[in-house]
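Novice: Sequence:
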Amino acid sequence: MYVYGRTGRKWNSDSLRMPCSAKLILLIFCLVLLVESRKHRRRRWTGQVEVQKVSHVYKKNHDMTKTRTGKSEQLLRVDDHDFTMRPAFGGPAIPVGVDVQVESLDSISEVDMDFTMTLYLRHYWKDERLAFPSHTNKSMTFDGRLVKKIWVPDVFFVHSKRSFIHDTTTENIMLRVFPDGHVLYSMRITVTAMCNMDFSRFPLDSQTCTLELESYAYTDEDLMLYWKNGNESLKTDEKISLSQFLIQKFHTTSRLAFYSSTGWYNRLYINFTLRRHIFFFLLQTYFPATLMVMLSWVSFWIDRRAVPARVSLGVNASMPRVSYIKAVDIYLWVSFVFVFLSVIEYAAVNYLTTVQERKQRKLRDKSMRTDSEALTPQKQEVMIVGATEGRKLRSELGKSATWDFGRDNIGRFPCTCGIPSTKTMLLEGIYSESDTNSLEEYARGQMVTEEEKQDKMLVNLAMNNESHSSRKKGLKGHVSLRIMKNTHAIDKYSRLIFPGTYIFFNLIYWSVFC
1 MYVYGRTGRK WNSDSLRMPC SAKLILLIFC LVLLVESRKH RRRRWTGQVE
51 VQKVSHVYKK NHDMTKTRTG KSEQLLRVDD HDFTMRPAFG GPAIPVGVDV
101 QVESLDSISE VDMDFTMTLY LRHYWKDERL AFPSHTNKSM TFDGRLVKKI
151 WVPDVFFVHS KRSFIHDTTT ENIMLRVFPD GHVLYSMRIT VTAMCNMDFS
201 RFPLDSQTCT LELESYAYTD EDLMLYWKNG NESLKTDEKI SLSQFLIQKF
251 HTTSRLAFYS STGWYNRLYI NFTLRRHIFF FLLQTYFPAT LMVMLSWVSF
301 WIDRRAVPAR VSLGVNASMP RVSYIKAVDI YLWVSFVFVF LSVIEYAAVN
351 YLTTVQERKQ RKLRDKSMRT DSEALTPQKQ EVMIVGATEG RKLRSELGKS
401 ATWDFGRDNI GRFPCTCGIP STKTMLLEGI YSESDTNSLE EYARGQMVTE
451 EEKQDKMLVN LAMNNESHSS RKKGLKGHVS LRIMKNTHAI DKYSRLIFPG
501 TYIFFNLIYW SVFC
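Residue 34 in the numbering used here is what sits at position 34 of the sequence shown, and the numbering runs on without skipping anything.
The set of hints was computed from the structure by calculation and includes no laboratory data. On a predicted model such as this, the values are computed, not experimentally measured, just so you know. Idealized CB from N, CA, C, for every residue including glycine. Treat the hints with caution; some may be incorrect.
Claimed, not checked - Estimated spans, in silico, between C-beta atoms of each pair:
#1 Ser323 with Leu291: 22 to 32 Å
#2 Phe336 with Ser261: 45 to 55 Å
#3 Ile503 with Ser163: 47 to 57 Å
#4 Ile325 with Asp237: 30 to 40 Å
#5 Arg145 with His251: 35 to 45 Å
#6 Arg275 with Asn137: 40 to 50 Å
#7 Ile278 with Thr118: 20 to 30 Å
#8 Tyr269 with Thr118: 30 to 40 Å
#9 Pro92 with Gln248: 33 to 43 Å
#10 Ser261 with His135: 19 to 29 Å
#11 Tyr269 with Ala93: 12 to 22 Å
#12 Asp80 with Thr118: 33 to 43 Å
#13 Glu128 with Pro320: 51 to 61 Å
Work the whole structure out from these sequences, hints included.
Specialist: The following block contains the structure:
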């Protein structure tokens, strides 16, 4: 039998026959190739299943929480329950433990009477509806997306002005569920709450502020809030510090709060006590006020006529605006009173000095008017005679004597050298009747000679005027000396009274308020 190929070549069918042994070997080889190819394909497609099967061999206790068999909601059976109702609804109150870790005290505002705090707020409760099977009691942790699908306590901050949950980069919420149904719910919150402050001892005061937590909807019959570990439930960061306050202590308390419309609620309190740093106010308020008071004392050593040097300054301070008196107000007002009294002291000294000068001017004017009005006809005649005799003496003595007959010096005979048997003296103004009579006798010229008349006139006038002048000067000097002594005595006593009183006030003030 012949077979024709594509090229038209003729082949013999006997030549195409193969031995049986060769065919058997070829068949076995094909079967081996087929089996190997199937094993390789099976390993590539079902590798993960094989790993899991091997893990069953080496790990007998398998933890279902670490195996992703489906959605976490299916593992917690969230869709199988109504989480709008609290756990054990209709039964006893569910206990909810609370603990807090304070991260920072951001600010204390005396003006707004509030404080701002950042904290980690954690709740602990048991919800059997969230229980799941686990051989090793491992917990499951979720973020805030699962919180919206289950029941959580409705705790809020009483007397809160502003609060928010941090949301960078996502909401700072953690939910951890244990196999037996216990739940840990944690949030990072910043809250600004009211703080009733008492500034009666400001700035030497201590303030106690309170952050209050309470359930908004559930009374104590449905939900019981409590501190999970007592006083140990409150933790604080050691690095917490404030610019104006020293944090003395944190502590926790709890009690029931009653509302007339809704009932009794469990309320938790976070109390912290702050003591104000005094050094800042010493530099800004107390030292300047003290320096201004001491500056006002300098006026007691300054001349009473130096008005610009005796004017004192005041002290301004920015304080909390409250309707009652604070400790710093007492100090500042007393300081202002001392400064004011120093100004009053200056005004008193200045007034007495002005009165003294006015009296001296009046005495001078009065003496001059008295001198001009007290010239009787007899005195005028005497003065004329004296003037005539003076001219005669001047013509005799020439330039050896000086005489002044001006309008304001009528009857004034300053004696100079060259007059025999006569002392140099000053004759001035007012004479008694006996002097006038003796001078009249001299004018008549009946009893004595011309030379004796001159000597008698000059001696009588000089003695009379000396006694009167000394009398006037003694009166004026006595009045002036008394006034001068009074003004200087005020400054002298003020130098002791003002500093002593102010030091005594400071001793009482700091002993009471410190």
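Novice: Now tell me, hint by hint, if it's right for this structure.
Specialist: Against the structure, the hints:
Evaluation of the 22 to 32 Å hint for Ser323 and Leu291 yields a pass: the beta carbon distance comes to about 29 Å. Our hint of 45 to 55 Å for Phe336 and Ser261 holds, since their Cβ atoms are close to 52 Å apart. A beta carbon spacing of about 50 Å between Ile503 and Ser163 agrees with the range 47 to 57 Å that was offered as a hint. Between Ile325 and Asp237 the beta carbons are some 37 Å apart, a value that agrees with the proposed interval 30 to 40 Å.
At roughly 36 Å, the beta-carbon separation of Arg145 and His251 lies within the given 35 to 45 Å, and the hint holds. Between Arg275 and Asn137 the CB atoms are about 47 Å apart, so this pair conforms to the stated range of 40 to 50 Å. The supplied range of 20 to 30 Å is met by Ile278 and Thr118, whose beta-carbon atoms lie about 27 Å from each other. A hinted range of 30 to 40 Å is violated for the C-beta pair Tyr269 and Thr118, which are about 18 Å apart.
For Pro92 paired with Gln248, a C-beta distance near 39 Å keeps the hint of 33 to 43 Å intact. A C-beta distance of roughly 50 Å is found between Ser261 and His135, which places it outside the suggested range of 19 to 29 Å. Taking 12 to 22 Å as the suggested C-beta distance range, the pair Tyr269 and Ala93 conforms, at roughly 20 Å. At roughly 38 Å, the beta carbons of Asp80 and Thr118 sit within the given window of 33 to 43 Å.
At about 53 Å, the CB distance of Glu128 to Pro320 agrees with the hint of 51 to 61 Å.
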